[in-house]
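Engineer: For reference, the chains in residue letters:
Protein chains: 2
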Amino acid sequence: MGGSFAKAFAAAGVEVFAWNRTRSTLELAMIETVTGELDETTIPTCELIVLAGYPASTIEWLERYAALVSPGAIVIDTVGVKRVICERCEALCEPYPFTFVGCHPMAGTQYSGFARARANMFKGAPMVVVPPEMDDLERATVLERLKGLLEPCQFGSFTLATAEEHDRNIAFTSQLAHVVSNAYVKSPTARDHRGFSAGSYKDLTRVARLNAPMWTELFLDNADFLGEELDTVIESLSAYRDALAARDAERLEALLAEGDRIKREIEGR
Amino acid sequence: MGGSFAKAFAAAGVEVFAWNRTRSTLELAMIETVTGELDETTIPTCELIVLAGYPASTIEWLERYAALVSPGAIVIDTVGVKRVICERCEALCEPYPFTFVGCHPMAGTQYSGFARARANMFKGAPMVVVPPEMDDLERATVLERLKGLLEPCQFGSFTLATAEEHDRNIAFTSQLAHVVSNAYVKSPTARDHRGFSAGSYKDLTRVARLNAPMWTELFLDNADFLGEELDTVIESLSAYRDALAARDAERLEALLAEGDRIKREIEGR
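The listed protein sequences derive, respectively, from chains A and B.
Sequential numbering from 1 applies to the first sequence in my numbering.
Sequential numbering from 1 applies to the second sequence in my numbering.
Chain A with its partners taken away, still in its complex shape (with noise of 0.2 Å):
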């Protein structure tokens, strides 16, 4: 996600520092994309700092410096969840003279590293902005900046949300289709199906491929409603299951077509 924001940027000309815990990234994205490295020196020249991190380390980063971070700047997250990371990031930049801006860009593939990273990965795509608590004037201001700042990366649409909006919305829309996804492979019929794989097989397995450590962190910082839509599903497809085992037609029936006037109803909106 962080090397994605840097190529657009750099694409469309803007300076980039960076910084990558593995060394080696760091050192390829500066041959390539990146002017230089983010550290006490840079931090300080930048108007948008990207924490594309996971939850923690992106909390830990603000921790760390901002003390540092130029007046009027903007620093936004990548992270999945929000209501965590919003509450601890804004307490967090409370003292200083800089803006923290929630964001959740809804983009991205189901590889990770800077070598997958495409400087159109945010072509069109919505992005989910929440801001903190101010003023009507004061966040109209701040927004315009945030969107003029991030224009290289050619948002779709700006979505604003709370961060409690964005996490029940987040773990139906994302979650849940990574824990289904990741669930649906775990049949013994998976590994033994070639020849038998037409494209909704694919597209329901798309993101099974996923990166543990950090979805379980994510998963974690959003349980109460990835619980729910968890409980919800599962509750759906027993009644298809009910209804099979009961070979009764007219019950299946319902409940497909059920399924299929609401997914009718989402994309005629």
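Think of the hints as simulated: they come from the structure by calculation, not from any bench.
Some hints could be false.
Where chain B lies over chain A, by a calculated footprint (3+ residues, C-beta under 8 Å) [said to hold, decoys possible]:
1. 169-177
2. 182-193
3. 200-209
4. 225-233
5. 246-253
6. 257-267
Beta carbons: idealized from backbone N, C-alpha and C, even for Gly.
Mind docking chain B on chain A? Use the hints.
Structural biologist: Coordinates of chain B only, in the frame set by chain A:
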């Protein structure tokens, strides 16, 4: 499915006779794509007959018209279950001098209808073929002829399977995918997630939109294998739910890492 076959053959200059239970669809096809109607007069002139209907209507067609099929012709179906179809259709054809070969193209989209049919629908897709009991030489001859006749469809590969192998695999790669996708959108959050939908949600729910009567028939004809897959996925999902409810990071990460490893293994084969 039938429309895509008609368009593929017509695009290759092959003469096509067609039938559809909806007269207006047939009339549209006769203007755009096909030479004429498949009826008592034209059935005996066909070298290949593709029965692209529901399970019950496929069997009914053969009951009614088997006596008219030309000696040496090949009749295939495209039904998504093979045990019921092959057993019944092979028995129906027994007295006649043509060959029935159960088929299932691993292709299609979430849309149906002649307008959505495409001449290149099968290009590169696997075709699963379930040949009847016959000696090896006879089978090889029939398959070579079938491959030749299907050339305009440009299938990417032909996979031979028994009806049971087909049904077990298809329960996992296709039927389960449709149930899970259809169940996924039943969350109350589904109607309220605009601006939050990343690729993972879109992929997971693509086939939520489905033909409920057709899939009901297919699921009931494969209730044993699909029931097992549903039990397995519900059990797998429950393991994540329990680890999450217990805030058991180690267990949750192990479950996710296991799915990731299986998916990589499958991809790497």
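Engineer: Hint by hint, work out which the structure violates, then give me just those numbers in ascending order.
Structural biologist: Violated: none.
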